[in-house]
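Participant: Residue strings, one per chain:
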Amino acid sequence: MTTTRIGRLTAALLLSATLAVGVIALSACGSGSDTTASSSPSAASAAGPITVTDDSGAQVTLDQPATKIVSLAPANTEIAYAIGAGDKMVAGTSYDDYPEAAKALPKIGDFANPNIEKIASYSPDLVLAAGGIQDKLRSKLEALGMKVYVVDPKTYDGTIATIENVGKLAGTEAAATAVADTMTAAETEVQAKVSGLTPASTFLEIYSKPLMTAGSGTFIDDMIAIAGGENIGAQAGAGFPNFSTEVLVKDDPQVYIADSGSMSAPGEINKRPGFGELTAVKDGKVYVIEDSIIARPGPRLAEGLQKLAEMIHPEASAAQ
Amino acid sequence: MTKLARTGVWPGILLAAGVLAVCLALGLALGPVSLSLSQLWHLVTAGPVQGDLENAIFWEIRMPRVLVAALVGGALAVAGVILQDLFLNPLTDPYVTGVSSGAALGATIGIVLHWSNLPWITVLAIVGGLGTLVIVWMAARRRGRIDIFVLLLAGVTISYLASALVTVLMIKANQDMTAIIYWLMGSFSGRGWGDVRVALVTIPFMVLPLFFTREMDILLQGEKRALELGVEVERTKRLLLVTAGVLTALAVSVSGIIAFVGLVVPHIVRLLMGPGHRGLLPVSLLAGASLMVIADLLSRTVISPNEIPVGVVTTFVGAPLFVYLLRRGRRA
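As given, the protein sequences belong to chains A and B, one line each in that order.
Each number in my numbering comes from the position in the first sequence (counting from 1) with 1 added on.
So that you can map any letter, position 311 of the second sequence is 298 in my numbering, and since no number is skipped, the others follow by simple counting.
I should point out that these hints are in silico values taken from the structure, not numbers from a laboratory.
We treat Cβ as the ideally placed atom computed from N, Cα and C, and that holds for glycine.
Some hints could be false.
To be verified - Chain B residues, not near chain A, derived (Cβ > 12 Å throughout): (1) Val6; (2) Leu27; (3) Gly118; (4) Ile122; (5) Trp124; (6) Asp204; (7) Glu215; (8) Thr223; (9) Leu226; (10) Val229.
Stated by the list, open to error - Calculated cross-link-like contacts (lysine-lysine; reagent style DSSO-like; alpha-carbon spacing at most 30 Å): (11) Lys159/B <-> Lys119/A; (12) Lys119/A <-> Lys210/A; (13) Lys137/A <-> Lys159/B; (14) Lys211/B <-> Lys69/A; (15) Lys108/A <-> Lys159/B; (16) Lys89/A <-> Lys159/B; (17) Lys210/A <-> Lys251/A; (18) Lys159/B <-> Lys210/A; (19) Lys159/B <-> Lys141/A; (20) Lys137/A <-> Lys210/A; (21) Lys104/A <-> Lys159/B; (22) Lys89/A <-> Lys148/A.
Said to hold, decoys possible - Computed spacing ranges between beta-carbons, pair by pair: (23) Asp98/A <-> Ser23/B: 45 to 55 Å; (24) Leu148/B <-> Pro267/A: 32 to 42 Å; (25) Pro(-2)/B <-> Gly133/A: 51 to 61 Å.
Can you build the whole structure from these sequences, using the hints too?
Facilitator: This is the structure in structure tokens:
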């Protein structure tokens, strides 16, 4: 019995330690790599080594464009296909569901538990990793001789920059630039729509029990701002923090948007304790947004940004 | 403190009730929107009113949360007293019977199936907890009597099994991992009147043992002695075990697994009141409720707008208090 209790305590301690480390790691990323990934000008030429700086601030150098790419996150897989490097993909994760072709890829495990041996078995010349829980993976993969690019942008523009970088590494720069231009065009269009409008206070729900939101230093926070919203969750710190229901009701958002990953539905959100008095509920501005277009830092963020703008400022979209 | 025990139990009970009243008032008054006593009075007398944010925060969010915390704290403390004394083991907490792990498994299944926003998670947790109680019960039953040590071992074993299944589910559905981990750590965040209704069911089960304090006192001297003194040992044991099991299952189903309260509150109260159950049970109930309300208050205010899991707070508040009382108790 003593052992169970100790076991449970140990487990609890380990869990809290893991969470704490995760939070610290996230906040560290938030402050550290805010500068958008940039590439060295020499990378533009087709011949010779290609060097870019990834979202963790590390330099990634390839002697020639990648031919075998392994992606460790659904967003990275989307980027690879969007920039015309789909045929170079040799493996992805079990959550890859876009585009359709990605579903057929061999799997290396999932986002949280990629299998290092599996990754190595494809002898990729480029691994597209994610930030956060995959932070420790880089050194292990590099020890095995693999090149790792960490996709972990903190802003919408940072996502565009990272897509261009991956294009350089994959040798599909022209297609990547086209994707980047589309994303920039979407941003310009949204900015034009909402310019001059008073920012609407917006709450974005990532999870409902416990209530979690997108904090400061995330690309979601950035996109809410671009779409003419004022992110209530930003006051709760970096990353994806939990959030007090009382503070939420006190701050009374004008717009309430739930990420579809939270499994919430507008009808259910309206009925939550205390939510009946929210301006967002009274005005009927409670929405669910598809999580793959807002929570994956890839090409479809453009679509996510346009949807956000329609939800936050429907009057602006109706006017045009 | 032994003087307290000698002068009868009522002063202790009244004092504990007073402390709980103060804790409830603090829990209702403090939060991101702090209320003065007069505002508090105004809100209480006005009742729930439509169209007022402050009123909604008080009646829809804070009040149910404080009530659930109080009921869960009381239930865990009472279950802790019962099980520590039945097992004659000071390290027992309400979770050794496996009921909490069974409840956790039920809740995890609910989370993984994404029945998150229905009362289903609570229902599945209760089913899981009571189901475990039945299994452990059947394992421990021999020729019409319950073998306490088999019960304990069966409880621990089922506990491990349920935890292993929870881990498997967590890995299979790791997009839900955060939700499961938060559930396991325990919280009162977002609890509404529906949860209060579930928690209210604990009240008869908290009151029931108060009618068996004499039997519980005698059982402390061992089952054989109790039999000699004319206690219906098996019937009493059965009743107490089911009571503790139901209390734990209900508490865990609305709050998750909150550490420390069920283990430490009975000990603290024993040090202050002595081992007699006529004082120990009611004061533990009131003290458990008070500790939980204060712990929840700290969990939602200290780093607002974030929340600290309440189990972390109960441990931070309870551990130093317990060590202090242990040292004082030794010397006296």
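Participant: Look at each hint and say if it fits the structure.
Facilitator: Hints versus structure:
1. Val6: The assertion about Val6/B holds, with a minimum of 24 Å to chain A.
2. Leu27: Consistent with the label, Leu27/B stays out of reach of chain A, its closest Cβ about 15 Å off (over 12 Å).
3. Gly118: holds, 19 Å
4. Ile122: holds, 17 Å
5. Trp124: Nearest chain A Cβ is 18 Å from Trp124/B, so the label holds.
6. Asp204: holds, 24 Å
7. Glu215: holds, 28 Å
8. Thr223: holds, 22 Å
9. Leu226: holds, 23 Å
10. Val229: holds, 20 Å
11. Lys159/B <-> Lys119/A: holds, 18 Å
12. Lys119/A <-> Lys210/A: Answer violated: Lys119/A to Lys210/A is near 34 Å, above 30 Å.
13. Lys137/A <-> Lys159/B: holds, 22 Å
14. Lys211/B <-> Lys69/A: violated, 75 Å
15. Lys108/A <-> Lys159/B: Distance of about 15 Å is within 30 Å: holds.
16. Lys89/A <-> Lys159/B: holds, 29 Å
17. Lys210/A <-> Lys251/A: holds, 19 Å
18. Lys159/B <-> Lys210/A: holds, 19 Å
19. Lys159/B <-> Lys141/A: Given that 30 Å is the threshold and the Cα spacing comes to 24 Å, the pair holds.
20. Lys137/A <-> Lys210/A: holds, 29 Å
21. Lys104/A <-> Lys159/B: Within the cut-off at roughly 18 Å; holds.
22. Lys89/A <-> Lys148/A: Given that 30 Å is the threshold and the Cα spacing comes to 15 Å, the pair holds.
23. Asp98/A <-> Ser23/B: 45 to 55 Å: This hint holds: roughly 53 Å between Cβ atoms.
24. Leu148/B <-> Pro267/A: 32 to 42 Å: holds, 39 Å
25. Pro(-2)/B <-> Gly133/A: 51 to 61 Å: holds, 55 Å
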